[in-house]
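Q: Model the full assembly from the supplied sequences, consistent with the hints where possible.
There are 2 protein chains.
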Amino acid sequence: MKIFVDVMGGDNAPNAVLQGAADAVKEFGQGMTIALLGPEDVIRKTAGEMNIDLAPFEIIHCPDVVTMEDDPVRVARKKPESSMIKGLTLLKNGEGDAFVSAGSTGALHVATSLIVRTMKGVKRPALATQMPAPGKNYLLLDCGANAECRADMLNAFGTMGSVYAQKVMGRENPAVALVNNGAEEHKGTPMYREAHQKLKANPSIRFVGNVEPRDVMKGDMDVVVCDGFVGNVVLKLTEGVATTLLGMLKPIFLKNILTKLAYLTIKGGMGDLKKMMDSEEVGGAPLLGASRPVIKAHGSSKARGIKNAIRQARICVENDLCGTMEKALADTMAADQ
Amino acid sequence: MKIFVDVMGGDNAPNAVLQGAADAVKEFGQGMTIALLGPEDVIRKTAGEMNIDLAPFEIIHCPDVVTMEDDPVRVARKKPESSMIKGLTLLKNGEGDAFVSAGSTGALHVATSLIVRTMKGVKRPALATQMPAPGKNYLLLDCGANAECRADMLNAFGTMGSVYAQKVMGRENPAVALVNNGAEEHKGTPMYREAHQKLKANPSIRFVGNVEPRDVMKGDMDVVVCDGFVGNVVLKLTEGVATTLLGMLKPIFLKNILTKLAYLTIKGGMGDLKKMMDSEEVGGAPLLGASRPVIKAHGSSKARGIKNAIRQARICVENDLCGTMEKALADTMAADQ
Numbered sequence: 001m002k003i004f005v006d007v008m009g010g011d012n013a014p015n016a017v018l019q020g021a022a023d024a025v026k027e028f029g030q031g032m033t034i035a036l037l038g039p040e041d042v043i044r045k046t047a048g049e050m051n052i053d054l055a056p057f058e059i060i061h062c063p064d065v066v067t068m069e070d071d072p073v074r075v076a077r078k079k080p081e082s083s084m085i086k087g088l089t090l091l092k093n094g095e096g097d098a099f100v101s102a103g104s105t106g107a108l109h110v111a112t113s114l115i116v117r118t119m120k121g122v123k124r125p126a127l128a129t130q131m132p133a134p135g136k137n138y139l140l141l142d143c144g145a146n147a148e149c150r151a152d153m154l155n156a157f158g159t160m161g162s163v164y165a166q167k168v169m170g171r172e173n174p175a176v177a178l179v180n181n182g183a184e185e186h187k188g189t190p191m192y193r194e195a196h197q198k199l200k201a202n203p204s205i206r207f208v209g210n211v212e213p214r215d216v217m218k219g220d221m222d223v224v225v226c227d228g229f230v231g232n233v234v235l236k237l238t239e240g241v242a243t244t245l246l247g248m249l250k251p252i253f254l255k256n257i258l259t260k261l262a263y264l265t266i267k268g269g270m271g272d273l274k275k276m277m278d279s280e281e282v283g284g285a286p287l288l289g290a291s292r293p294v295i296k297a298h299g300s301s302k303a304r305g306i307k308n309a310i311r312q313a314r315i316c317v318e319n320d321l322c323g324t325m326e327k328a329l330a331d332t333m334a335a336d337q
Numbered sequence: 338m339k340i341f342v343d344v345m346g347g348d349n350a351p352n353a354v355l356q357g358a359a360d361a362v363k364e365f366g367q368g369m370t371i372a373l374l375g376p377e378d379v380i381r382k383t384a385g386e387m388n389i390d391l392a393p394f395e396i397i398h399c400p401d402v403v404t405m406e407d408d409p410v411r412v413a414r415k416k417p418e419s420s421m422i423k424g425l426t427l428l429k430n431g432e433g434d435a436f437v438s439a440g441s442t443g444a445l446h447v448a449t450s451l452i453v454r455t456m457k458g459v460k461r462p463a464l465a466t467q468m469p470a471p472g473k474n475y476l477l478l479d480c481g482a483n484a485e486c487r488a489d490m491l492n493a494f495g496t497m498g499s500v501y502a503q504k505v506m507g508r509e510n511p512a513v514a515l516v517n518n519g520a521e522e523h524k525g526t527p528m529y530r531e532a533h534q535k536l537k538a539n540p541s542i543r544f545v546g547n548v549e550p551r552d553v554m555k556g557d558m559d560v561v562v563c564d565g566f567v568g569n570v571v572l573k574l575t576e577g578v579a580t581t582l583l584g585m586l587k588p589i590f591l592k593n594i595l596t597k598l599a600y601l602t603i604k605g606g607m608g609d610l611k612k613m614m615d616s617e618e619v620g621g622a623p624l625l626g627a628s629r630p631v632i633k634a635h636g637s638s639k640a641r642g643i644k645n646a647i648r649q650a651r652i653c654v655e656n657d658l659c660g661t662m663e664k665a666l667a668d669t670m671a672a673d674q
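Residue numbers (my numbering), protein chains in the order written: chain P, 1 to 337; chain D, 338 to 674.
Worth flagging that the hints you see were computed from the coordinates, not collected in a lab. Treat each hint with caution, since some may be false.
List time: in silico EDC-like cross-link candidates among lysine to aspartate or glutamate, alpha-carbon distance up to 20 Å [to be verified]:
| hint | chain 1 | residue 1 | chain 2 | residue 2 |
| --- | --- | --- | --- | --- |
| 1 | D | 524 | P | 40 |
| 2 | D | 524 | P | 185 |
| 3 | P | 2 | P | 212 |
| 4 | P | 236 | D | 609 |
| 5 | P | 187 | D | 521 |
| 6 | D | 573 | P | 220 |
| 7 | D | 587 | P | 215 |
| 8 | P | 218 | D | 576 |
| 9 | D | 592 | P | 272 |
| 10 | P | 250 | D | 609 |
| 11 | P | 260 | D | 609 |
| 12 | P | 250 | D | 552 |
| 13 | P | 2 | P | 53 |
| 14 | D | 555 | P | 53 |
| 15 | P | 236 | D | 522 |
| 16 | D | 573 | P | 185 |
| 17 | P | 187 | D | 408 |
| 18 | D | 573 | P | 239 |
| 19 | D | 639 | D | 348 |
| 20 | P | 236 | D | 557 |
| 21 | P | 255 | D | 609 |
| 22 | P | 2 | P | 40 |
| 23 | P | 236 | D | 549 |
| 24 | P | 236 | D | 406 |
| 25 | D | 573 | P | 212 |
| 26 | P | 200 | P | 220 |
| 27 | P | 123 | P | 336 |
| 28 | P | 236 | D | 348 |
| 29 | D | 573 | P | 184 |
| 30 | D | 587 | D | 615 |
| 31 | D | 587 | P | 272 |
| 32 | P | 187 | D | 406 |
| 33 | D | 573 | P | 215 |
| 34 | D | 597 | P | 318 |
| 35 | D | 524 | P | 331 |
| 36 | P | 187 | D | 485 |
| 37 | D | 524 | P | 53 |
A: Written out as structure tokens, the structure reads:
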């Protein structure tokens with residue numbers, strides 16, 4: 001198995017990416033080659049400074065770099081020699097099995113659609129994020145790749161998410177829910193009402209109905225489906241509310257010597273809570289519906305986030321995520337005729 | 338000034354409503370008559386049991402009751418003798434100045450549109466909620482009354498919210514922002530892009546641009562505008578994430594005697610945090626764009642929530658909320674021609 005890793009993507013590139021790749025080799029590198037894509041001199045120089053042994057890696061020289069300033073729509077044509085575009089092209093050509101990047105989400109999304117292409121019935125891939133919840137997390141899609149969606153897209157998201165939950169997250173018979181402003185079938189906009197009916201008739205999933213956003217963290221969902229505008233709100237608001245509330249605890253504990261001592265007694269428990277909210281634990285968000293596995297690591301990923309994103313890519317390949325998904329999508333579409 | 342109060346609305350009616358009304362009379366009753374609407378025998382019996390003196394109140398006998406099971410669209414015709422419909426009708430006829438109810442949001446929204454009517458340029462009123470944030474809260478609208486919106490509706494929400502923030506929340510020159518999945522003008526769906534341009538050109542408000550949901554709690558917004566589907570997600574997800582995280586703290590502190598002692602040292606600080614998240618503090622959500630002040634108190638309101646909703650209604654009347662809003666909306670529409 002060969003996994004392409006974009007060394008130049010993300011806020012902490014190239015250092016965090018190289019360290020994450022090195023840690024991945026150490027922890028679960030057997031039977032897997034990691035190909036590092038980026039300017040060869042940068043890779044060699046950085047690895048040297050960080051005492052990272054490059055022997056286990058393949059290095060694919062890509063002189064160009066995709067930045068956050070690049071127009072996502074033009075990047076494939078403008079920067080064919082960048083680590084992102086070259087990696088996706090090699091993936092498309094079957095010279096490797098998966099691609100991992102912490103670079104620009106917009107550029108990765110558009111370039112994946114253009115180069116790797118999508119499965120039958122999928123116009124553009126959906127970005128799927130494992131969201132924190134006590135007990136077990138849930139897969140949220142679309143998280144922002146497709147701001148406007150039709151009902152059949154949400155239906156496909158249900159199938160794609162369900163297959164991912166089984167194959168990568170290890171969930172049996174995953175519960176799929178639709179974000180909505182009420183539990184009843186007739187709630188929401190006409191598009192959401194239509195999506196509800198399609199999901200209900202979808203033979204590839206176990207649809208459990210609408211979920212109100214108040215209940216998404218209750219831990220009884222595996223997959224939560226919505227359009228990309230709403231998904232982006234769910235993703236970022238969860239982060240914002242958690243950051244604000246946990247941030248408010250800090251001055252409470254820093255108030256005086258007694259409260260500081262108090263913090264020591266609960267430090268372990270708070271660690272579990274922080275771990276739950278930590279996006280590095282999961283690693284990345286797959287672009288579901290792409291013909292081959294593409295994992296978007298969080299832009300702010302540190303080495304652990306990159307390592308875990310590579311682990312996800314490995315599991316996708318090992319469990320034939322894309323083959324299974326393609327079949328399930330065909331069943332979904334057949335039932336929706 | 339006369340304020341109509343629906344004694345039969347909400348999970349804790351009639352007791353909590355009567356207590357809230359009695360507390361309102363005690364705290365800020367001068368120059369204000371509260372008219373209690375409901376079955377007279379129920380009002381008299383409950384007040385007797387609770388030792389509430391009915392002398393300061395007007396009682397308007399309404400034999401019928403709107404329930405959560407009533408179809409919102411039909412309730413005005415089916416239950417003209419209910420406290421909700423009779424109250425709105427008297428408000429429309431100028432026999433009082435504002436209406437407060439903790440009853441069914443859907444029924445109140447539709448009946449307000451049909452009976453009280455809306456201001457020029459407003460098809461249906463928007464539900465506006467003061468959302469928690471450290472420092473100062475922000476007014477979110479629409480919170481779910483209008484699942485589907487056009488760009489000109491979001492523009493009107495900006496004006497309506499800005500006037501409410503000035504007249505009722507006491508904010509000078511309020512900052513109005515648009516929920517979106519990025520700070521840049523071109524972000525979001527076509528409808529959100531169009532709304533951004535209209536809000537930017539709106540002479541009645543100080544528009545500060547897009548706000549990402551991650552930043553809504555940062556405390557620098559006074560008014561946050563979005564469609565009712567998204568607003569409902571923001572409202573309920575904020576509640577869900579806060580409930581989940583604060584709920585996770587409980588077992589951490591209950592773990593052993595040391596952690597229980599630790600809790601005592603930070604109890605005061607936690608109280609402030611809980612107070613911030615407490616919807617009873619504000620009281621209710623106004624239906625903005627209705628021709629006269631209608632306040633929806635939270636369905637689970639206790640006496641304090643009802644009292645504070647009555648206070649809001651009083652401030653709306655004292656500061657001529659509706660007159661000011663009508664003029665501001667006319668300016669908004671003129672600029673959008």
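Q: Please go over all the hints and tell whether each is borne out by the structure.
A: Cross-check of the supplied hints:
Taking the CA atoms of residue 524(D) and residue 40(P), the gap is about 36 Å. The hint is violated against a cut of 20 Å. Proposed proximity of residue 524(D) and residue 185(P) is contradicted: the alpha carbons are some 30 Å apart, above 20 Å. A threshold of 20 Å between alpha carbons decides the hint, and for residue 2(P) with residue 212(P) the separation of about 41 Å lies outside it, so the pair is violated. Distance hint between residue 236(P) and residue 609(D) is unfulfilled; the C-alpha atoms sit about 25 Å from each other, more than 20 Å.
Proximity of residue 187(P) to residue 521(D) is assessed by CA-CA distance (about 31 Å); at most 20 Å being required, the pair is judged violated. Annotation: proposed proximity of residue 573(D) to residue 220(P) holds, straight-line Cα distance about 17 Å (limit 20 Å). As the CA atoms of residue 587(D) and residue 215(P) are separated by approximately 19 Å, the hinted pair is consistent with the 20 Å bound. At roughly 12 Å between alpha-carbon atoms, residue 218(P) and residue 576(D) fall within 20 Å of each other, so this suggested pair holds.
At roughly 14 Å between alpha-carbon atoms, residue 592(D) and residue 272(P) fall within 20 Å of each other, so this suggested pair holds. With a C-alpha separation of about 13 Å, the suggested pairing of residue 250(P) with residue 609(D) holds against the 20 Å cut-off. Note on residue 260(P) and residue 609(D): the hinted pairing holds, with a Cα-Cα distance of about 18 Å set against a maximum of 20 Å. This hinted pair checks out: residue 250(P) and residue 552(D) have alpha carbons roughly 19 Å apart, not beyond 20 Å.
Taking the CA atoms of residue 2(P) and residue 53(P), the gap is about 18 Å. The hint holds against a cut of 20 Å. As the CA atoms of residue 555(D) and residue 53(P) are separated by approximately 44 Å, the hinted pair breaks the 20 Å bound. Simply put, residue 236(P) and residue 522(D) have alpha-carbon atoms about 18 Å apart, close enough for the 20 Å limit, and the pair holds. With a CA separation close to 18 Å, the supplied pair residue 573(D) and residue 185(P) stays within the 20 Å bound.
A C-alpha spacing of about 13 Å is found between residue 187(P) and residue 408(D), which places the hinted pair at or below 20 Å, so the restraint holds. Between residue 573(D) and residue 239(P), the direct Cα distance comes to roughly 14 Å. Compliance with the 20 Å bound is thereby established for this hinted pair. Restraint check: the Cα-Cα separation between residue 639(D) and residue 348(D) comes to about 9 Å, which is no more than 20 Å; the hinted pair holds. Under the criterion of a C-alpha separation no larger than 20 Å, the hint pairing residue 236(P) with residue 557(D) is consistent with the structure, at around 17 Å.
With a C-alpha separation of about 14 Å, the suggested pairing of residue 255(P) with residue 609(D) holds against the 20 Å cut-off. The straight-line distance between the Cα atoms of residue 2(P) and residue 40(P) is roughly 19 Å, inside the 20 Å bound, and the hint therefore holds. The straight-line distance between the Cα atoms of residue 236(P) and residue 549(D) is roughly 7 Å, inside the 20 Å bound, and the hint therefore holds. Between residue 236(P) and residue 406(D), the direct Cα distance comes to roughly 35 Å. Violation of the 20 Å bound is thereby established for this hinted pair.
Of the supplied pair hints, the one linking residue 573(D) and residue 212(P) holds, its CA atoms being roughly 7 Å apart against a limit of 20 Å. Proximity of residue 200(P) to residue 220(P) is assessed by CA-CA distance (about 18 Å); at most 20 Å being required, the pair is judged to hold. At roughly 16 Å between alpha-carbon atoms, residue 123(P) and residue 336(P) fall within 20 Å of each other, so this suggested pair holds. A hinted pair counts as satisfied when its Cα atoms are at most 20 Å apart, and residue 236(P) with residue 348(D) does not qualify at roughly 32 Å.
Taken as a hint, the residue 573(D) and residue 184(P) pair is honoured in the structure, with Cα atoms around 16 Å apart against an allowance of 20 Å. A C-alpha spacing of about 17 Å is found between residue 587(D) and residue 615(D), which places the hinted pair at or below 20 Å, so the restraint holds. Distance restraint check for residue 587(D) and residue 272(P): the Cα-Cα separation of roughly 13 Å lies within the 20 Å cut-off, and the hinted pair is therefore satisfied. Taken as a hint, the residue 187(P) and residue 406(D) pair is honoured in the structure, with Cα atoms around 15 Å apart against an allowance of 20 Å.
This hinted pair checks out: residue 573(D) and residue 215(P) have alpha carbons roughly 8 Å apart, not beyond 20 Å. Our distance criterion of 20 Å between C-alpha atoms is broken by residue 597(D) and residue 318(P), whose separation comes to about 47 Å. About 34 Å separates the Cα atoms of residue 524(D) and residue 331(P), which puts this hinted pair outside 20 Å; it is violated. With a CA separation close to 12 Å, the supplied pair residue 187(P) and residue 485(D) stays within the 20 Å bound.
Taken as a hint, the residue 524(D) and residue 53(P) pair is broken in the structure, with Cα atoms around 43 Å apart against an allowance of 20 Å.
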